[in-house]
Amino acid sequence: EDQVTQSPEALRLQEGESSSLNCSYTVSGLRGLFWYRQDPGKGPEFLFTLYSAGEEKEKERLKATLTKKESFLHITAPKPEDSATYLCAVQAYGDVTSYDKVIFGPGTSLSVIP
Amino acid sequence: DAMVIQNPRYQVTQFGKPVTLSCSQTLNHNVMYWYQQKSSQAPKLLFHYYDKDFNNEADTPDNFQSRRPNTSFCFLDIRSPGLGDAAMYLCATSRGRTSHNEQFFGPGTRLTVL
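Residue numbers (our numbering), protein chains in the order written: chain P, 1 to 114; chain A, 1 to 114.
Please keep in mind that the hints were generated in silico from the structure rather than gathered at the bench.
For glycine and all other residues, C-beta sits at the position ideal for the given N, C-alpha and C.
Partial pick of chain P residues on the chain A-facing surface, computed with a CB cut under 10 Å:
| # | residue |
| --- | --- |
| 1 | Leu87 |
| 2 | Val102 |
| 3 | Gly107 |
Calculated lysine-lysine pairs in the DSSO-like style (CA-CA distance at most 30 Å, straight line):
| # | chain 1 | residue 1 | chain 2 | residue 2 |
| --- | --- | --- | --- | --- |
| 4 | P | Lys101 | A | Lys38 |
| 5 | A | Lys38 | P | Lys69 |
| 6 | P | Lys42 | A | Lys38 |
| 7 | P | Lys59 | A | Lys38 |
| 8 | P | Lys59 | P | Lys101 |
| 9 | P | Lys42 | A | Lys52 |
| 10 | P | Lys63 | A | Lys38 |
| 11 | P | Lys57 | A | Lys44 |
| 12 | P | Lys57 | P | Lys69 |
Here chain P stands alone, though its shape is the one from the complex (with noise of 0.2 Å):
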């Protein structure tokens, strides 16, 4: 079955101490990886797309990576206003009879103390 879990479920950073989000996934077969902020109370904001293993995005003081069963994001450096809800997502390859399922997981709540 395919699933997305996310690790630290929680994770409470002092502002300026980097740290990373962990996101593994079992698919049939990977399309693509999805990672979004979330804010309380509104919806998810995307942030990257990741394709291939090996693969790198960077915007800020964010950098996502893919290897063949996780992403990571890493946070380098954080202030308070980064604090926020990561989710990622990933979008498996339908079969002949369906289309392709994006699979959110969790979520890591973070949030950086000035």
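Model the placement of chain A on the given structure of chain P, informed by the hints.
What follows is chain A alone, placed relative to chain P:
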């Protein structure tokens, strides 16, 4: 700015009283999605439209219906809301369903059932 708009942002209804949530987009995307998200959980896909083609998830209750009268608008109808339907409802769009599947979310509608 191109965007996904949801109305209302907050909706209060009574147990069993039908409610309609609306979503509009200015992105001209082919695909529109409805998700249900409960506190600290991953978004759960209810259904999606690829153009006019409606695709229901197998575990979406019959109580939930959707309409897409044109490219820009999509509605979520909850025929007889129960207490368990209280949640954030998220609308999202994407250009494609296979490639270009990055999803762009609206701000959500918070539904309260009394």
